[in-house]
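**Student:** Residue numbers (our numbering), protein chains in the order written: chain F, 6 to 319; chain R, 44 to 180.
If you're looking for bench data, these hints aren't it; they were derived computationally from the structure. Errors might be hidden in some of the hints.
Said to hold, decoys possible - As a list, the in silico SDA-like pairs of lysine to any residue whose alpha-carbon atoms are at most 20 angstroms apart:
#1 K176(R) - G233(F)
#2 K103(R) - G87(R)
#3 K175(R) - R217(F)
#4 K175(R) - W117(F)
#5 K176(R) - T169(F)
To be verified - Now the in silico label distances, taken between C-beta atoms and shown as ranges:
#6 A299(F) - R170(R): 58 to 66 angstroms
#7 M155(F) - S163(R): 54 to 62 angstroms
#8 L296(F) - K103(R): 55 to 63 angstroms
#9 E167(R) - G128(F): 54 to 62 angstroms
#10 A295(F) - K176(R): 38 to 46 angstroms
#11 A44(F) - R170(R): 36 to 44 angstroms
#12 R174(R) - A44(F): 18 to 26 angstroms
#13 A298(F) - E169(R): 21 to 29 angstroms
#14 E169(R) - L110(F): 55 to 63 angstroms
#15 D83(R) - G128(F): 50 to 58 angstroms
#16 M155(F) - D98(R): 24 to 32 angstroms
#17 A44(F) - K176(R): 42 to 50 angstroms
Cβ coordinates follow ideal geometry from the N, Cα and C atoms, glycine included.
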Amino acid sequence: MTLGYLERLVIQALSAHALASSVAALAIGVVWRHVAASASPAVTARRIFLMRLMPSLLGGLVSLLVAVAYTLWETRVDAERAGVLGLALAAAGFIFVGAGLWRALIATRRTWSVRRTLLRSSGMPLPAVPLRAYVVESRFPVVALVGLVMARLFVARRVIDACTTDEFDAVIAHEQAHARHRDNLRRMAMTAAPDPLGLLPAGRQMQQAWLRASELAADEWAAGRTNGVLLASALVKVARLATTPPEPMPASALYSGEPITERVQRLLEPVPAAAPPPWPQWLRATACIALVAAALIALPAIHVVAERILQWGP
Amino acid sequence: MKDPLRPPAGLAATLGPLELRVLDELWARGAACTVRDLIDAFTGIAYTTLMTTADRLFRKGLLVRELDGRAFRYCPRWTREELDRHLASSAMSTWFSDDPRALKPLISLFVEEVSRRDESMLDELERLIRRKKERGR
């Protein structure tokens with residue numbers, strides 16, 4: 006098949022993205038559990054988040070380098086042959102990007118549906134809360150932070166009535182932790198990541214593990230600022246309200262309850278976990294400069310490899 | 044102050060304006076009506092448009108109908124309150140789908156639903172918390 010100058014650029018960028026993100030996804034799919042393991046849930050959540058985004062980031066970076074090399078060294082001939090390997094990889098890249106966009110669209114639509122439902126049943130704003138918070142007339146004990154950037158908190162009146170003032174402060178601190186860490190935005194980034202992990206069970210497992218770690222991290226953050234025992238007490242009270250729905254809920258809504266046990270136990274007997282010291286700033290800066298230098302030196306070779314991949318096969 | 048992002052209350056967020064007007068009219072009348080009965084309340088709306096709207100509401104499961112001579116008589120399947128509740132719970136059910144492949148809304152929930160069989164587990168956790176509080180005094 007012969008392709009024009011711009012078509013070849015798109016095919017090369019997409020195939021570079023597919024190849025780099027697939028290699029990274031394969032490596033991360035094998036090692037992520039070992040690398041993520043940490044006594045601190047905040048560290049675990051951060052590591053999982055970075056690893057989940059790594060294939061997409063690497064794919065994006067490599068396809069950017071390929072595009073830069075292409076514009077620098079590719080001759081402006083109108084037609085050049087493309088082989089089956091380049092076309093197949095480009096198709097895979099297109100699928101990864103399209104599937105990521107599709108997942109982002111569906112998740113956004115579902116979030117808006119929930120937001121609309123909550124706004125419909127929400128009443129007065131909650132004063133003296135460090136978030137934009139509203140009281141919701143709901144029979145389910147909703148405590149939900151909704152929104153990617155300017156998140157709003159919705160709290161069912163039943164929850165406010167069931168908790169003491171101190172317990173409620175602990176609940177708010179938990180949600181404040183989610184807002185501070187922009188957990189909904191992180192979730193969106195992981196959901197929309199255009200890479201093979203988004204299509205594989207490993208990606209879903211990573212997201213589940215991140216959810217669990219981010220809940221524990223929010224509990225830990227809230228316990229550090231309020232009182233862990235009171236947060237545990239609020240957790241059990243709210244869970245108890247959720248066990249007796251006044252009308253039957255779908256069976257799929259039920260889950261075994263292990264996460265609550267784990268959360269309460271960790272709040273009652275906190276495990277001291279020292280976060281590993283961050284890399285010194287000079288080391289980070291040096292690593293970045295070295296990476297950029299290596300990428301610039303490798304640009305001509307990158308172009309040669311990309312051309313070979315594009316033309317390989319019948 | 045009214046929230047500018049707040050959508051129109053109730054069913055208006057889910058149904059089209061004409062669909063909502065038809066439902067409102069039927070709820071107000073409190074009896075099954077044919078399209079010809081309703082047409083007087085819809086000035087400027089063509090008979091066929093109203094017929095299509097009633098048919099669409101029937102297909103959505105919001106109206107029931109029975110043949111009366113050569114025309115259908117329509118009446119709402121639910122009261123307004125029942126329908127509001129139904130819409131709210133169907134939206135909520137998507138929050139809790141445990142299908143690992145299902146894309147869930149991007150919200151942080153403090154507690155998801157706990158099954159009835161977890162009551163004893165909650166009792167046990169409550170005992171642990173009480174003991175901890177007593178030790179802390």
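**Student:** Decide, hint by hint, whether the structure agrees.
**Tutor:** Going through the hints against the structure:
no. : hint                                  : verdict
1   : K176(R) - G233(F)                     : holds (11 angstroms)
2   : K103(R) - G87(R)                      : violated (25 angstroms)
3   : K175(R) - R217(F)                     : violated (24 angstroms)
4   : K175(R) - W117(F)                     : violated (41 angstroms)
5   : K176(R) - T169(F)                     : holds (14 angstroms)
6   : A299(F) - R170(R): 58 to 66 angstroms : holds (59 angstroms)
7   : M155(F) - S163(R): 54 to 62 angstroms : violated (41 angstroms)
8   : L296(F) - K103(R): 55 to 63 angstroms : holds (56 angstroms)
9   : E167(R) - G128(F): 54 to 62 angstroms : violated (35 angstroms)
10  : A295(F) - K176(R): 38 to 46 angstroms : violated (54 angstroms)
11  : A44(F) - R170(R): 36 to 44 angstroms  : violated (27 angstroms)
12  : R174(R) - A44(F): 18 to 26 angstroms  : holds (25 angstroms)
13  : A298(F) - E169(R): 21 to 29 angstroms : violated (60 angstroms)
14  : E169(R) - L110(F): 55 to 63 angstroms : violated (43 angstroms)
15  : D83(R) - G128(F): 50 to 58 angstroms  : violated (38 angstroms)
16  : M155(F) - D98(R): 24 to 32 angstroms  : violated (42 angstroms)
17  : A44(F) - K176(R): 42 to 50 angstroms  : violated (26 angstroms)
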